[in-house]
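Chains as they are written, first to last, in our numbering: chain A, 22 to 495; chain B, -5 to 164; chain C, 415 to 1057.
Source of the hints: derived by calculation from the structure; they are not laboratory data. There may be inaccurate statements among the hints.
Below, computed lysine-lysine pairings styled on DSS-like, alpha-carbon distance capped at 25 Å [what the hints assert, rightly or not]:
#, chain 1, residue 1, chain 2, residue 2
1, B, Lys126, B, Lys111
2, C, Lys804, C, Lys926
3, A, Lys364, B, Lys126
4, C, Lys804, C, Lys878
5, C, Lys1035, B, Lys19
6, C, Lys890, C, Lys919
7, C, Lys1006, C, Lys992
8, C, Lys593, C, Lys459
9, A, Lys364, A, Lys308
10, B, Lys159, A, Lys216
11, C, Lys890, C, Lys878
12, C, Lys804, A, Lys308
Covered by chain A, per the in silico footprint, the following chain C stretches (three or more residues, Cβ under 8 Å) [unchecked claim]:
#, segment
13, 632 to 642
14, 944 to 955
15, 985 to 991
16, 1031 to 1041
Even glycine gets a Cβ: it sits at the ideal position worked out from N, Cα and C.
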Amino acid sequence: MTLNDLAPLIPLMVIAVSSVIIMLGIAFYRSRAFSGLLTLAGIAVAFITLFGVQGTRQVTSLLILDDYALFYIGLILAASFVVALLSSDYLEGRRENIEEFYILLLLSTLGSSVLAASTHFVSFFIGLEILSVSLYALIAYTRNELNIEAGVKYLVLAAASSAFLLFGIALLYGETGTMEFSRMSSGISAQGINKGMLLTGFALVLTGVGFKLAVAPFHMWTPDVYEGAPAPVTAFVATVSKGGVFALLLRYFIQVDMHAYPSLFGAVAFIAVASMFAGNLLALLQKNIKRILAYSSIAHLGYLLVAFLAGGVMRVTAVTFYLVAYFITTLGAFGVVTMLSGKERDADAVEDYQGLFRHRPWLALIFSAMLFSLAGIPLTAGFIGKFYIVAAGAGSALWLLVIMLVINSAIGLYYYLRIIVVLYAQPGHSEVSAVSSLPLTGSLVLVLLTVLLLWLGVYPEPLIEMIHRMTMRF
Amino acid sequence: MLAEGIFIYLAAAITILSVLVITRKNPVHSVITMLVLFFHIAALYVTLNAEFLAAVQVIVYAGAILVLFLFVILLLNLKEEAVARRYVGPWPLGLMAAVGLFLAIIVSLDSFVAGPKGAFTTEVIKAETNTKALGKILFTEYLYPFEVVSIVLLVAIIGAIVLAKKRLRS
Amino acid sequence: MFSKHWMLIAPARCGAEMMELLWLIPAFPLAGFLALAVTGARMPKRLAAIIGTGSVGASAVVALFIGMHFISSPPQGHLSSQTLWTWIEIGEFRPSITFYLDPLSLVMTFVVTFVGFLIHLYSTEFMAEEEGYSRFFAYMNLFVCSMLILVLADNLLLLYLGWEGVGLCSYLLIGFWYKDHANGRAAMKAFIVTRVGDTSMAIGFILLYFNLGTLNIQEIMQRASQAWPVGSTFAVAAAALLLGGALGKSAQLPLQTWLPDAMAGPTPVSALIHAATMVTAGVYLIARTNVLFTLAPVVQEAVAVIGALTLLIAGFSALTQHDIKRVLAYSTISQIGYMFLALGVGAWSAALFHFMTHAFFKALLFLGAGAVILALDYEHNMFRMGGLRKELPLTFWTFLIGSASLSALPLVTAGFYSKDLILWYSLSSEDGSPWFWAAGMAGALLTSIYTFRMVFLIFFGAAKGRVSRKPGMTMKFPLLILAVLSIIGGFVELPRIPIFSEFVKTALPSAKTLHEGLLGEGMQQVIASGVSLIGVSIAYLLFLRAPLNVERFTSHPAGKALHRFWFSGWGFDWLYNKVFVGPFIWIARTNKDDFIDLIYGGMAWYGRFFHVALSLTQSGKVRWYAMGITIGAVITIGITVFL
């Protein structure tokens, strides 16, 4: 380990340092604008320094800064940037001191980024803990009853799932004698692969990761936490935290070559199918938008796992493109919820959106675009993403999974369209429509996200190219 | 034979004590049981030749954290909560899940073959002493994580303050 | 900087850069549509008119420059294509956004943008007092954009996008005055009837893709001629399926019934969509895929027969209509019948030529009719018009020119040259026959009778209505331009001086003539001229000189029946209602809770059931959730370890 090793870590260090600067800054001068700007600047600088990392850099055995990691860190940073922008206006007036929010936001972003670059169980676990611990506080941040309930639930359950994860890691370590992903497979092949203990280890790791990704049957916390957390934090939980974990999962299972274990494959397939059905069926008649989006995210992670199971080059392309589309769409949808939320409570009832088109045609159109993308309607990024997943699945002849995916897309259409119908119905009586004026930054962010969504829907080529380049070296 | 006997005793004690911790109605009793539990865990570390960990376990967990717990509980005066009926409706289901997990792990246990050993075998550690070996690996191979863990602590502190204090104005 | 910019515009100096501007042609109307759609009713009318007309005008200018460049220094192989980007790329399936320009698409583009521009200009005044002014222009711009995508498409998927796009716009514009339910129904009818054809076409496309493995139209043609022998099953099936699509869009037998009802839309819409451009998409499709039709002689024969039958049937129907727009609608069906006839006998360029001249004079006639309708406060019935010659002189003269061109009055009209070419090939071509020629001649006679019946009823005789408003400059200007084009548009293809067919011959093979000796081309021209003049005279005798004769005939029971038969478009609507619509509704009604419905109902029921069941697991209790995780872990371990 030399100073030279530190160079590729600059993006991560920038985030850590800016959080410390904000913390020290608060001690002397408390200002929302100041902290917010520092946060945005920190994320932006970190993003820029990503481009300074040349080639694939393995930093000790713990972290690797290759194109894949850089891409995912970039995605995570971009999403945090959006969340930071959305939350500044949202938090105003909801609680006294909102400067610490940014510290927590930055640190959880750091945790997620560490996950994307991890090649070792130690860095994996520490990244996960940084992420989770900041999330506990973020979820409960505005301290109303719902917040605190959600925060405590997340705390208890995440701790429980971490226990499973640690146990799994311990078993794998015992069997292979290493915690490095790349050396693990050679450790395994020395032992022979049909080891009950080894598989139990995998299964327990899968349990811990599955909890973070909120896939069935580890999904039950999702709606409660999504509903209880402040809307921008929900967006954060849905994107940044899952993105990092998924990037790690993909890297891990590619490095230990998951396809060598048919039964592990079966377990992931079970989780995928269960998630798709559980998510979509639970969302079917749900009346709370945040809960619908929570269920929908369960289903979407199920779709992602289908691509994850497919082999070949298509896998990384499909997963990554879908994740990007999912990020944009989820941020957009929760962005709309954030913008409409009053100080009393979040705008999370479906009735709150009745006739939104009449008061706020733009917002309604943006929301519709996001929902269309979630449903996978053509000309949106969601369609291209789903198309790639189906193509990847069909390419690997995973017919059963693809059929399940198609059936579930059809079920999903029902509740997305249900919301869209409400958007264009006659206005009802809801105090949410009375929100006086929309904050400018939030509106700009939403417009940008929508443009991006449609842009990727009709012109996905540049992104696909980028992902291809990234997977070449992977 | 003796080592096995001790292990079985410790394992059984840890299990029973854990169950007791979560079933006591009085939180003070729970904490006291937990104290005993932690001592047993420390003993388990000693049998595994991890004296340093055992010491840390006793000093940090039993010594510091549990005492803090006790203070908080005494300060809060939890009489009402102590007698409130707890939610234990579906405990048979829970028991089944736990037994299932236990069985699944037991069944797969017999296939266990220890993986290749690293540089720090028991002999090396014994020769070098526990603390030194731990320090060596912590400040070389795992230096980054060791530093980064401080961020976890930072997050925890900020989180706790943010959630606990109403007004943070200086 | 400036000079470089100028380079792009100056047609004489620039090289391949000119072709790089191709994408602008559909992009301008699309931008116009987006601007109009986004701002909606908030946009002031004047601005909406400027954006709506200007965007089409701009693409007309670009089309003009590109066309000039194309003619003056033709690109390699007389075609050029521009790939903007690839939409998706999965193995062989690689639909790209590529525009393809050859003489065929250039002619189409030229007509669509120029006639489109003139009609937009006309509409700025015609629609001035309507509600939804900017909505109108938004739809119109979207239409022009879709039509341009359709004609410039390089692959089937893009073509299909344009095809459905124009269908959608047609639906929206027929039902533009949606507050009247009849208009909505007409829009629905147009949409559903053309959909029958569209479905057939889509199946055809899929068949082509799966058998030839590419979406690119040129490659398909190439591979088809290599892979499929003449008359092979696949070629026949593919050609027949595409023909289905063409029949629907171009309102040919048996899918012609929607077009007369489509006149419910505003008159400029009828001029642009239902006369000049969209309805000829079928002609374009067949011309574009002419290789396929050559490989399937049976189908090509069918094209000719359908064309001949359609032109006659529609001609008779046109003879009996009261509504000025319905006369023109039947006339459009009939004229497209001529184009189909030309396609069927392998005279591809003649069909395209007639498409061009028809676009000019039919747009002119519709716009003239619009001026008349507006002048008489939305009066459509020709029998309540008359004597408008004095009141609306410019409208009269231009309408007269249009009518002359439609009736193919000899030598001075564009319609004469194009129709003459078709008649000549229907007789002389390898695939021609005297029957086709006779049908064409009979149709020509009918055409001049119903056309001048219209002229005499509207502009001559006693004045019956009061003229409430006269067309202004913006309505007169398009009429004048189109009138000029209706005359000079024919001179690009004179007998012995075939500039037009020379120009398009790289895209469309020239017709093979055989029966040179049977009847000389000059002789046939003389006959055709005679027929059209006779038609005019008959019209004069029957409808101006002695209208009583006609009344006497129609009051006779047999005459009455015939009149009603023709008036209702040969009873096709009645027949379809009895054969398709009635039984379909009956089946739908009696079969409401059938097996298929049970499946859907069952799915909904199970969906709801599982929703309720799963919702029970969301108890909100942390212990319960923790147990869920544990059970999940047990299942996962179970699957990984024991499976």
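**OP:** Quickly compare the C-alpha distance for Lys890 (chain C) and Lys919 (chain C) to 25 Å and report which way the hint goes.
**Re:** violated (36 Å)
Subject >> Annotated coverage of the segment 632 to 642 of chain C by chain A, confirmed only when three residues or more have a Cβ within 8 Å >> reply: Answer violated; 0 residues pass the 8 Å Cβ test.
Original post:
When you check the alpha-carbon spacing of Lys159 (chain B) and Lys216 (chain A), does it fall within 25 Å?
Top reply: This hinted pair is violated, its Cα atoms lying about 51 Å apart.
Subject >> 25 Å Cα cutoff - pair Lys1035 (chain C), Lys19 (chain B) >> reply: holds (19 Å)
Original post:
For the segment 985 to 991 of chain C, do at least 3 residues have a Cβ located nearer than 8 Å to some Cβ of chain A?
Top reply: violated (count 0)
Original post:
Hey, Lys804 (chain C) versus Lys308 (chain A), does the alpha-carbon distance stay inside 25 Å?
Top reply: Distance of about 69 Å is beyond 25 Å: violated.
Original post:
Does Lys126 (chain B) lie within 25 Å of Lys364 (chain A) when you go C-alpha to C-alpha?
Top reply: The hint is violated at about 56 Å.
Subject >> Proximity test - 8 Å, beta-carbon atoms, the segment 1031 to 1041 of chain C to chain A, at least three hits >> reply: Since 7 is at least three, the answer is holds.
Original post:
CA of Lys804 (chain C) to CA of Lys878 (chain C), is that 25 Å or under?
Top reply: The given pair, whose Cα atoms are some 13 Å apart, holds under the 25 Å limit.
**OP:** Starting from Lys890 (chain C), check that the Cα of Lys878 (chain C) is at most 25 Å away, please.
**Re:** holds (23 Å)
Subject >> 25 Å Cα cutoff - pair Lys593 (chain C), Lys459 (chain C) >> reply: holds (21 Å)
Original post:
Does Lys308 (chain A) lie within 25 Å of Lys364 (chain A) when you go C-alpha to C-alpha?
Top reply: Holds. Lys364 (chain A) to Lys308 (chain A) sits at ~20 Å (cutoff 25 Å).
Checked against the numbered hints listed earlier, the structure breaks hints 2, 3, 6, 10, 12, 13, 14, 15; every other hint is satisfied.
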